[in-house]
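Chemist: Here's the letter readout for the chains.
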Amino acid sequence: MSLLKVDDLTIRFGGLVAVNKFCFEINQGELIGLIGPNGAGKTTCFNMLTGVYVPTSGKIEFDGSEIQGIKPHRISARGASRTFQNIRLFKEMTAIENLLVAMHSERGYNLFEAILKLPSYRKREIALREKALGILRAVGLEKAAEIEAGSLPYGEQRKLEIARALATGPKLLLLDEPAAGMNPTETAELSNYIRNIRDQFKVTILLIEHDMSLVMKICERIYVLDYGELIASGLPKEIQNNPRVIEAYLGGAIGEEAHV
Amino acid sequence: MSLEYLLPLLMLFGINTILSSSLNVINGYCGLFSMGHAGFFAIGAYASAIVTRDLIPAMALSSPTTALVLACVIAMLVTGLVGYLVGFPCLRLAGDYLAIATVGFGEIIRIVIMNTDFLGAQTGIPAIPGITKLWHVAAAVALTLWLINNLMRSSFGRAILSVREDEIAAQAMGINVRFYKTFSFVVGALFAGLAGALFAHMAQFISPNNFTFIISAQILLMIVIGGLGSQLGAVLGAFLVTFLPEALRFNQTLSENRMLFFSLMMIVMMLWQPKGMIGIFSRFLDRKEAPKS
Amino acid sequence: MENFYFSEFVQYILNGIAQGAIYALIALGYTMVYGILKLINFAHGEFYMVGAFLGVFFITHFPPYLAIPLAMMTAGLLAVIVERVAYRPLRGSGRIAPLITALGVSIFLLELTRVIAGPGARSFPQFFDNPTYNLFEVTGSKFAWLDGVVLRKSQLVIFISSLVVMSTLWYIVMKTKMGRAMRALSMDFDASKLMGVNINAVIAFTFFLGAALAAIAGILVGMNFNNVEPYMGQLAGLKAFTAAVLGGIGVIPGAALGGLVLGVCENLVTGYLPSSYRDAIAFGVLILVLMVRPWGILGKPERVKV
Numbered sequence: 000m001s002l003l004k005v006d007d008l009t010i011r012f013g014g015l016v017a018v019n020k021f022c023f024e025i026n027q028g029e030l031i032g033l034i035g036p037n038g039a040g041k042t043t044c045f046n047m048l049t050g051v052y053v054p055t056s057g058k059i060e061f062d063g064s065e066i067q068g069i070k071p072h073r074i075s076a077r078g079a080s081r082t083f084q085n086i087r088l089f090k091e092m093t094a095i096e097n098l099l100v101a102m103h104s105e106r107g108y109n110l111f112e113a114i115l116k117l118p119s120y121r122k123r124e125i126a127l128r129e130k131a132l133g134i135l136r137a138v139g140l141e142k143a144a145e146i147e148a149g150s151l152p153y154g155e156q157r158k159l160e161i162a163r164a165l166a167t168g169p170k171l172l173l174l175d176e177p178a179a180g181m182n183p184t185e186t187a188e189l190s191n192y193i194r195n196i197r198d199q200f201k202v203t204i205l206l207i208e209h210d211m212s213l214v215m216k217i218c219e220r221i222y223v224l225d226y227g228e229l230i231a232s233g234l235p236k237e238i239q240n241n242p243r244v245i246e247a248y249l250g251g252a253i254g255e256e257a258h259v
Numbered sequence: 000m001s002l003e004y005l006l007p008l009l010m011l012f013g014i015n016t017i018l019s020s021s022l023n024v025i026n027g028y029c030g031l032f033s034m035g036h037a038g039f040f041a042i043g044a045y046a047s048a049i050v051t052r053d054l055i056p057a058m059a060l061s062s063p064t065t066a067l068v069l070a071c072v073i074a075m076l077v078t079g080l081v082g083y084l085v086g087f088p089c090l091r092l093a094g095d096y097l098a099i100a101t102v103g104f105g106e107i108i109r110i111v112i113m114n115t116d117f118l119g120a121q122t123g124i125p126a127i128p129g130i131t132k133l134w135h136v137a138a139a140v141a142l143t144l145w146l147i148n149n150l151m152r153s154s155f156g157r158a159i160l161s162v163r164e165d166e167i168a169a170q171a172m173g174i175n176v177r178f179y180k181t182f183s184f185v186v187g188a189l190f191a192g193l194a195g196a197l198f199a200h201m202a203q204f205i206s207p208n209n210f211t212f213i214i215s216a217q218i219l220l221m222i223v224i225g226g227l228g229s230q231l232g233a234v235l236g237a238f239l240v241t242f243l244p245e246a247l248r249f250n251q252t253l254s255e256n257r258m259l260f261f262s263l264m265m266i267v268m269m270l271w272q273p274k275g276m277i278g279i280f281s282r283f284l285d286r287k288e289a290p291k292s
Numbered sequence: 000m001e002n003f004y005f006s007e008f009v010q011y012i013l014n015g016i017a018q019g020a021i022y023a024l025i026a027l028g029y030t031m032v033y034g035i036l037k038l039i040n041f042a043h044g045e046f047y048m049v050g051a052f053l054g055v056f057f058i059t060h061f062p063p064y065l066a067i068p069l070a071m072m073t074a075g076l077l078a079v080i081v082e083r084v085a086y087r088p089l090r091g092s093g094r095i096a097p098l099i100t101a102l103g104v105s106i107f108l109l110e111l112t113r114v115i116a117g118p119g120a121r122s123f124p125q126f127f128d129n130p131t132y133n134l135f136e137v138t139g140s141k142f143a144w145l146d147g148v149v150l151r152k153s154q155l156v157i158f159i160s161s162l163v164v165m166s167t168l169w170y171i172v173m174k175t176k177m178g179r180a181m182r183a184l185s186m187d188f189d190a191s192k193l194m195g196v197n198i199n200a201v202i203a204f205t206f207f208l209g210a211a212l213a214a215i216a217g218i219l220v221g222m223n224f225n226n227v228e229p230y231m232g233q234l235a236g237l238k239a240f241t242a243a244v245l246g247g248i249g250v251i252p253g254a255a256l257g258g259l260v261l262g263v264c265e266n267l268v269t270g271y272l273p274s275s276y277r278d279a280i281a282f283g284v285l286i287l288v289l290m291v292r293p294w295g296i297l298g299k300p301e302r303v304k305v
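So the protein sequences, as listed, match chains A, B and C.
Under numbering that gives the first Met the number 0, the first residue of the first sequence carries the number 0, and numbering increases by one thereafter.
Under numbering that gives the first Met the number 0, the first residue of the second sequence carries the number 0, and numbering increases by one thereafter.
Under numbering that gives the first Met the number 0, the first residue of the third sequence carries the number 0, and numbering increases by one thereafter.
Keep in mind that a hint or two might mislead.
Claimed, not checked - No more than 27 Å apart at the CA atoms, straight line, and that leaves these computed lysine-lysine pairs for BS3-like:
| hint | chain 1 | residue 1 | chain 2 | residue 2 |
| --- | --- | --- | --- | --- |
| 1 | C | 299 | C | 192 |
| 2 | A | 122 | A | 142 |
| 3 | A | 90 | A | 142 |
| 4 | C | 37 | A | 90 |
| 5 | A | 70 | C | 299 |
| 6 | A | 201 | A | 4 |
Simulated from the structure, these hints should not be mistaken for lab results.
Keep in mind it's a predicted model, so treat the numbers as computed, not measured.
Working from the sequences, and respecting the hints, build out all of it.
Modeler: If you want it as structure tokens, here you go:
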């Protein structure tokens, strides 16, 4: 069943067309990859999907309704959550607090109850923490719960950012280069991590990645952007042998880490 | 060290604590840069003075505590409303611009008061009933600290903190950043209004000169020296700013030129220990109190 | 409102341009520093004030043609020291710490001057008389609309001085190596660093220039109004900042444009409306600009990279 359907998505910055008539579709439960050389417009697409940018034209249909131009916090409320290329954790808050922020919409009490510390508020806070701890446990980060996010090791920070995005209870998870800066071992571990999350939390995942080992391993379908245009889409094996894709990456054979 | 001497000082300490805590919500917890806080202090003071002068003069004599509470509540509401109106246009602006816009608003408020006869214009409002007593101030301080503390430990407080940490990530996680900025601003204004009302009925005379930009800077100084984003820091900063000038009285040069030393302190603090006094002691404190530099 | 006299209107414009030139000179310093460091130097208004005091001081010992450049250079030097001691250590550590430090420096300079020179007003010795020129007569009684419009010699001095100073600045910024470095830094700080630009020298020079400009503005005003006192920098600084924002903060011609526009607006409004709100006009303009077009007349909107 279609969860995200994008038609002719276009965005122009001044004279530059960053993304041009991009069309794609994601079904519920899928794990999709979005790849392309640097500057191809992948993060720009994410920004449009999450409301950070307003597309110049085109339609984004998420879970049955059009969301282009809607503010980021509302899109999050509708069930689309994301991570960032350069990790944007709340560095001076603990891991569990990071998740609790993402759970703000399900806090279950009002301001009055909170500032007077009524029993109803106290009960809900305990329940919220339990739930947050549960998510951390499910992703193997419970030991980090009370540690400041900024002082966690890099790999755990990446995982925490994903866990935080999960805490909003999303239907769609957008991961922006989750494996950036990781070595092959960490990347392999991350691949399993992402796949587990999809299975355990029943989320649909769209990820941007440069690391081909991860993409080829876990993505069911792949879209390839180059200079803002869709140049190929299909199964990993098809993409791997697609001459246009290989050319876009300047001759680097896909299967090794492709860099531009 | 007579009680007569200490009493107004203690009350001033309490009022300064409420002021610093209120600005701490805006600048410390939400990470905004409001530099016109004296404007809110002024509105609270003037609004409360009008209440006891024009609305309930009899009550001020017969049941002073009730009158004070009423004056405080009305002052807070008025100030909160102004806070919302000022915040509405200003909070769209990023850091530096917000700072300047709030300075501008602080000055506009002062200039409007100076030109309004109803508010005493340049001569101010004299003969305000001196109904503020120490226990009133103490109760107000306790209430302020308790409410703000509860706020910050709740999900609402976390939302405010997330705006300071990373606006874009906060948005992505479902936090309505614009709302929480306005919310922090209004909360800060509310408590500044409370401080103003208490002050007016302690000093018994207010004029635009009590609410200049230097006063805004002084309030900022309190939380910077104490430690931005820390409740304890706000109290510490208020303590220092209230009592240090008194402690310096032994030397006339020092006490006459206290803004000179305070500003020097501000500079030195930023260069040496941006986390304020709290930063110096942070090893001994609960991590929760660690402020943002 | 009574009859509209065109000459009255022209007079306000004339006064406005003179006032605006002063704002422009101060605003240039704000905008140059902001362009490179993205820092609002809250203390900048104090260089205007300090410049005026230095002018008063030097003029008692030297002839004007020496005293004024001396005052400008001393103010410039002071700015360089301030930058080195208070701002440089905080470069790159967020936006809040430098802002607070700048505030501290501003108050410190103000209080220091008050302690050293006393809170009262000083004045410049009168070394030239200040005749007023009736423009109508001066232009051969040909333009009727100039009837009643007067130009004071002090205003003429302001026009000429600011023109000279701003042309010199234009030359420095556009035609010298240092100026090129300044422009490069304001366009792309990191790239310039990588290209081998001596960041510290350029920033120091920028502060020097800005303060020198503010100083001459202070001297011009001091000579014109004979009211040199420690608090003069606060209001002037805020208004000049408004001018810089109005014209486009970080854009050098914008500071000049903003200054002129603000000066003219102020004089027009106080000419036709009650003048007790004069100072509020600048703040009103500031708020308006920030609401409607924060990047100013000549500026360009900034895009946030996510």
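Chemist: Against each hint, give a clear statement of whether it holds in the structure.
Modeler: Verification of the supplied hints:
1. C:299 x C:192: holds, 23 Å
2. A:122 x A:142: The hint holds at about 23 Å.
3. A:90 x A:142: holds, 17 Å
4. C:37 x A:90: holds, 24 Å
5. A:70 x C:299: Cα-Cα ~24 Å, so holds.
6. A:201 x A:4: holds, 19 Å
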